[in-house]
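Visitor: Chain by chain, the residues run as shown.
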Amino acid sequence: MRIERRLRQPWWLTIVVPVLSIVVAFVLSAFVLLLTGHPPLRSFHRLFDAAFTGNGALSESVVSATPLAFTGLAAAVAFRMNLFNIGGEGQLYAGAIMGATAGLLLAGSPSPLIFAAMIAAGAVGGALLAAIPAILRAFFSTNEIITSLMLNYVVGLVLEYLIFDSHSYLRDTSGFEANVFPQGKTLPDEATWSSWNIHGLVLPLGFVLSIAVAGFVWVLYSRTRFGFEVQVIGDSVRAGRYAGMRTRRKILAVMCLSGAIAGLGGASQTGDFRHQLDPRGLRSANYGYTGIVIAALARYNPFAVVLVALLLGGLQNAGFTLQGADFPAGLVGVMQGLILFCALGGELFVRYRVRFAW
Amino acid sequence: MNNSLVVVVIASGVLFGTPLLYAALGELLAERSGVLNLGVEGMMLMGAVTGFWTVERVHAARPLVLAAAVGVAALAGAAMAAIHAFLVITLRANQIVSGLALTIFAGAAGLSSYLGNDLHLSGKPARYQFQEIFPKSLRDLPIVGPVIFGQPLLVYASWACVVLVALYLSRTRVGLNVRAVGESPAAADAMGVSVPRYRYAHTLVGGAFAGIGGATFSLSITPQWVDGLTEGAGWIAIALVIFSFWRPTLCLVGAYFFGAFKALPFALQGHGVTVAPELFQTLPYVATIIALVLVSSRAARLRFGAPAALGLPYAREER
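If you read the protein sequences in the order shown, they are chains A and B. Oh and the first sequence: position 215 is 215 in my numbering, straight run, nothing missing. Oh and the second sequence: position 258 is 258 in my numbering, straight run, nothing missing.
In short, the hints are calculated from the structure, not lab data. Yeah, the Cβ is synthetic: ideal placement off N, Cα and C, and Gly gets one too. It cannot be assumed that every hint is accurate.
DEER-style ranges, computed between Cβ atoms [what the hints assert, rightly or not]:
#, chain 1, residue 1, chain 2, residue 2, range
1, B, A308, A, P188, 20 to 28 angstroms
2, B, V58, A, G324, 22 to 30 angstroms
3, A, S174, B, A60, 56 to 64 angstroms
4, A, R6, B, Y156, 48 to 56 angstroms
5, A, N82, B, V58, 52 to 60 angstroms
6, A, R248, B, S170, 33 to 41 angstroms
SDA-like mimics (lysine to any residue), calculated; alpha carbons at most 20 angstroms apart, straight line [as the list claims (entries may be wrong)]:
#, chain 1, residue 1, chain 2, residue 2
7, B, K124, A, G324
8, B, K124, A, A329
9, B, K124, B, V193
10, B, K124, B, E231
11, B, K124, B, V58
12, B, K124, B, W53
Go ahead and model the full structure; you've got the sequences and the hints to work with.
Guide: This is the structure we're talking about:
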């Protein structure tokens, strides 16, 4: 067997290979199910039903897909420049904290004002957190993978501190029950983000916002000088520097943009769905890590990110609905991992031609 | 005296640092051969869950069961590493994305959690666990008692591993070849050293070490199984390799340093300090960031840099 680099990559391969990767991943998942004594076809059928075709399932999947679209876009934006921001998880928490604070502070104001404030606060929260690994990377060449990841744990613990172990502004301290079972203060009704119902399919504001962000990222990366420079630096830092590009500034800008997008996901979590700061719910969902899978599967294309987010959001939603004795939690992570492995392996066939010579 | 805060923190720091030490030694071996494996967290969790499963299901004498559990954990870690090795060595995939994929696949919301739930492992104490091996008279000695003699077997085994890995890399011909493969695979290839074979072997052994590190949690520290019980230890181990400058002996020092940070909140609680345990628990993570910044200065990197070919795929025909 010989492996040769392709001089030209046929365009259809970039579609066929990811689709085939997903098929292969499902076959491998079937093996995992068989080995652990679950009927694969029936499990997949139930999974698909709970994700897409069941009553109201698609709307639920959009709900699960919304944070994933944001974290996926956040990862894609940074990974394009070979800047591995693994901190989407923590940046999403930061966005949720700031978004919830804005929503609570502005209680009584007109809704559009609150929405705008929550969106801005969420983006600022995420960007501020991402600025830490960005500054360390730009000025001290510190590995951003580790620093951004460590901050996930730090912010996760701060999140728990705010609700479970302090009398912070965000904690519900009214009444006896709230003191025994700590939870976040519920946001006022006017801070509940709007949603649109199209023939039974509910589209929350956050999801629409994520599509807008995808459009923005696409324009930024394929139609502006900034995006061009980012991609040059991504391909070769040295080439970028010799061409007079300011790599440090780009690192700061791209990391903060990435963090801001993840932060929007956090704001959307509070505004669209949870209506309070919910540490346990946010921490158990693994939005940030799933976002990395999505970005890689979508080959960092922003619109593909939204599509893949819908697919994996459907999986996550179904896994959550079905979770039980005959459908162990963790299966969805296994499938996501397998999809990513297959997509990575499939990449070989896009970049190389494999010849079988006898 | 043995109950004073300092002694307690050091003694439990050594114990809490041991899984970090195993995982970091494994990652160090893989990285010295040029393979960056970010899947340590996933491999540790697989080691933890399969080791615990062995202890629950195998009925034999205590030492046999524990030995089998460590063996199974090592195998599970190596099996996970094999996926990564195949993708990055044979299929030339991006090492960073592949390692992340491994952590997602095997990690806290993936295969380890699936197995833990499917085999009903969570929420019960281990049937057998590693216990202190020295007699009580030795363990009651001041200071050295708890710190040195009060540890389970896995701690002493990790010391042997540090010595073995250090000697292997610096004093043997095979170790020299490993370093050559990590620094300049083309030169190693020209010397007749098989780059893929060396990289596979060290990635797999690295996975086995990570698996044992995970089992240290479920068989000695915690000792039970809960989803995601390593709580980021795999990532701290990767950072540990960086700021031990890829040297096994420094890994030992670093691991205990972070173990002590991990132990501090518990020790403080034991001494009646109960302010905000969450904030104290952020200490190991913050310390990791600070230590990483300190060692990434330009001078430090030039003197004790990473293996030159770390993270780069090697294809003979593309030199």
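Visitor: Work down the list of hints and note, for each, if the structure agrees.
Guide: Taking the hints in turn, this is what the structure says about them:
no., hint, result
1, B:A308 <-> A:P188: 20 to 28 angstroms, "58 angstroms, violated"
2, B:V58 <-> A:G324: 22 to 30 angstroms, "28 angstroms, holds"
3, A:S174 <-> B:A60: 56 to 64 angstroms, "57 angstroms, holds"
4, A:R6 <-> B:Y156: 48 to 56 angstroms, "53 angstroms, holds"
5, A:N82 <-> B:V58: 52 to 60 angstroms, "46 angstroms, violated"
6, A:R248 <-> B:S170: 33 to 41 angstroms, "37 angstroms, holds"
7, B:K124 <-> A:G324, "19 angstroms, holds"
8, B:K124 <-> A:A329, "18 angstroms, holds"
9, B:K124 <-> B:V193, "48 angstroms, violated"
10, B:K124 <-> B:E231, "19 angstroms, holds"
11, B:K124 <-> B:V58, "16 angstroms, holds"
12, B:K124 <-> B:W53, "11 angstroms, holds"
The structure does not agree with the numbered hints 1, 5, 9 stated previously, though it agrees with the rest.
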